[in-house]
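Number of protein chains: 2
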Amino acid sequence: MSDQEQKAVVLLSGGLDSATVLAQAQSAGFDCYAMSFDYSQRHSIELTAAEKIAKHYQVKEHKIVTLDLSQIGGSALTDMSIDVPDHQTEGIPVTYVPARNTIFLSIALGWAEVIGANHIFVGVNAVDYSGYPDCRPEYISAFEKMANLATKTGVEGMPLHIETPLIDLSKAEIIQAGMALGVDYSQTVSCYQADGDGKACGVCDSCRLRSQGFNDAGVYDPTIYQ
Amino acid sequence: MSDQEQKAVVLLSGGLDSATVLAQAQSAGFDCYAMSFDYSQRHSIELTAAEKIAKHYQVKEHKIVTLDLSQIGGSALTDMSIDVPDHQTEGIPVTYVPARNTIFLSIALGWAEVIGANHIFVGVNAVDYSGYPDCRPEYISAFEKMANLATKTGVEGMPLHIETPLIDLSKAEIIQAGMALGVDYSQTVSCYQADGDGKACGVCDSCRLRSQGFNDAGVYDPTIYQ
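So the sequence lines, in the order shown, correspond to chains A and B. Just so we're aligned: 76 in the working numbering is position 85 of the first sequence, and the numbers increase by one with no gaps anywhere. Just so we're aligned: 158 in the working numbering is position 167 of the second sequence, and the numbers increase by one with no gaps anywhere.
Among these hints, one or two may not hold up.
Each pair may be met inside one copy or between any two copies, as identical chains are not told apart.
[Stated by the list, open to error] Straight-line C-alpha distance at most 20 Å; calculated SDA-like pairs for lysine to any residue: (1) K51 to S202; (2) K46 to V85; (3) K143 to E129; (4) K(-2) to S161; (5) K143 to I73; (6) K46 to I73; (7) K43 to Q32; (8) K143 to Y48; (9) K51 to T86; (10) K51 to V85; (11) K(-2) to E52; (12) K143 to T86; (13) K136 to Y211; (14) K143 to P128; (15) K143 to G122; (16) K136 to L151; (17) K136 to H152; (18) K(-2) to A67; (19) K51 to G107.
Calculated directly from the structure, the hints in this document are not laboratory data.
In isolation and in its complexed conformation, chain A is listed as follows:
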């Protein structure tokens, strides 16, 4: 890889998926620049997890960008007056944050351009895209196309790639891929309403998918519940 090809921005929420993606990018030989968002999410404890994970992987830099998405509202994750459901719902869930992936990927795109990175890793996957429109492969492909028209880098003929190594994987397959790379999932927080110690509620969508994933993968679940 050339110098420019070696750099990657990795979106790191502090959850199971993004921790796996960081391990994958690192193991593929990229110089990793982790980016997290303090977006007024109710489970802001995930940022503490992201810091631990970034430190563990000795990323080149870890940037936590503050952007208060509660100003826009429209999601149970940023609007405290909307409850996180304790059961699976039909269609697009209330935990969907309007345009979140687009916003995060756009800011990552800006940083990638500044540091000269041609790869942005994001942990979207099949489990999510059943409900969240901005996790589907056709969305990612459209974002990549737009990104290459948006930037100096794209114009100068060094294409930018959106890397989604988890996109076709089930939660169990993600866990197996991570375990093979030695990811310590006890450091990750997935729960939408985790408490201040990172303990999980065990009933939200995210908790149930995670718990089922460990179960299906036949792997010990290190999650600590409230």
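Position chain B relative to chain A; hints supplied.
For chain B alone, kept in the frame of chain A given last:
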């Protein structure tokens, strides 16, 4: 127009172009929701201008989103250690802010989804896209395609439109269009290094294009210089 068709998010920087676009959206019958960004731009006085303009047009709501793009750097507009040039430069100028339009349009997209707006107005134009990659028609068209895959709205079959009424216009043509709608350009601030009173430097790219525009349009230039 149906209720949903009537709502539009209008990106309003406080400059000449976006003030014109707001007047156009308003005159086309849209219920306008103005969105501005406090992104640590050196010419933050433009936000005061944006507030005046939003008030003048009695927009339904004016949201000023704080997002410190100096955290990412890479531009003379957000990095005070890079000087704004006083002469025209070749290629992409140092005042280009990496991925700025993509970031602003993405956040506007989130808001549009929450309020149920199917139109986002942005004042990109031909004068800019000679230098800024994210002002070109092919970029806007790629963003629109991506946006319709990203959102609940797009998925539910209510397509979102990125409206760029200025895209093919010269600065003089923009001014003529705005004058025809009664835009008060004395309220707008274009200068990249305007002082605290909104007085313009007269030498930066943005000042020169603006001044030339009034000249070419044969219209009195209300700009107050330092």
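Practice task
Find the hints from earlier in the document that the structure breaks and name them by number, from lowest to highest.
Solution key: Hints 1, 2, 4, 6, 8, 9, 10, 13 and 18 are the ones this structure does not satisfy, whereas the remaining hints hold.
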